[in-house]
Amino acid sequence: MLIIQRRVGERIVMSNGVEITVAGVTKRGVRLAMKIPDGLVVLRGEVHDSIAAANAAAAATPFDAPLANESARTSRRT
Amino acid sequence: MQLTGTRFGDIDVDAERVIVLRSGLIGFPTETRFVLLRPSTKTGIAWLQSLQTPALAFPVVESSQITPRYPGEAEDALAEQAGICREGVAIFVVIAVRPKSPRVVANLLAPIVVERASGRGAQIVLDVKKYSASTPLVSATFAQVAA
Chain H
75 MLIIQRRVGE
85 RIVMSNGVEI
95 TVAGVTKRGV
105 RLAMKIPDGL
115 VVLRGEVHDS
125 IAAANAAAAA
135 TPFDAPLANE
145 SARTSRRT
Chain G
316 MQLTGTRFGD
326 IDVDAERVIV
336 LRSGLIGFPT
346 ETRFVLLRPS
356 TKTGIAWLQS
366 LQTPALAFPV
376 VESSQITPRY
386 PGEAEDALAE
396 QAGICREGVA
406 IFVVIAVRPK
416 SPRVVANLLA
426 PIVVERASGR
436 GAQIVLDVKK
446 YSASTPLVSA
456 TFAQVAA
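Which chain is which? The protein sequence lines are H and G, in order. According to my numbering, the first sequence is numbered sequentially starting from 75. According to my numbering, the second sequence is numbered sequentially starting from 316.
Just to be clear, a hint being listed does not mean it is correct.
Said to hold, decoys possible - Footprint (simulated), chain G over chain H, 3 or more residues, beta carbon under 8 Å:
no. : stretch
1   : 76–89
2   : 94–100
What the hints assert, rightly or not - Reference excerpt, derived from the structure (chain H facing chain G, CB under 10 Å, subset only):
no. : residue
3   : Asp112
4   : Leu114
5   : Asp123
Read the hints as simulated data drawn from the structure, not as lab findings. Note that the coordinates shown come from a computational prediction; the quantities given were computed from them, not determined experimentally. The C-beta atom is built at its ideal place from N, Cα and C for all residues, glycine as well.
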């Protein structure tokens, strides 16, 4: 993992147009200010992880009652 | 086009009905192309079937099936967040059925917003303070999916 030391007011720039500035540092945490190009999504890590876990749980849902299309339904419904 | 080896068997996909999610699903960033399979059962569950990974499908329901009050946000704002046109927007909620109680949970935090006409859309993230990614559903209708 890349580690860069930055002071308050300094920023990092990514090739896709993202710019992140350290806006402030307090006892409670670090405040980041971000410039994000259209179409890119920024999420807090824990929010991303909770949604990714929910999506993965959805994909693991057993496929029982609902059936895909007419032919599948006819052949499977006994 | 034909998609072989899905959980639903081999299916015919109408190219005009392909759903393209700009950034994929969250946690599945490379899965961008889907088709919606609507079985005509009473459960109301549809499946967002990946066109890239035949074994991958996500059960979804239309937001109106959850409660008329969901989502509280204006459709315009949701469409804008998804980067699509404001007309003819469909909002899908990803659900999951689990072995333990609560058996059916809905991801109300991150609905999938799709422009019906073009099939373009995105999974967007709403207010974390208002919604959870795994909200228990008590509706008997939804419970049928696991029966």
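So, going through the hints one by one against the coordinates:
1. 76–89: Since three or more residues must qualify, the claim that chain G covers the stretch 76–89 of chain H is violated, with 0 doing so at under 8 Å.
2. 94–100: Our answer is that it is violated, as 0 residues pass the Cβ test (under 8 Å) against chain G, missing three.
3. Asp112: Because about 7 Å separates Asp112 (chain H) from the closest Cβ in chain G, which is inside the 10 Å limit, the hint holds.
4. Leu114: holds (8 Å)
5. Asp123: Constraint on Asp123 (chain H) satisfied, holds at 8 Å.
Checked against the numbered hints above, the structure breaks hints 1, 2 and satisfies the rest.
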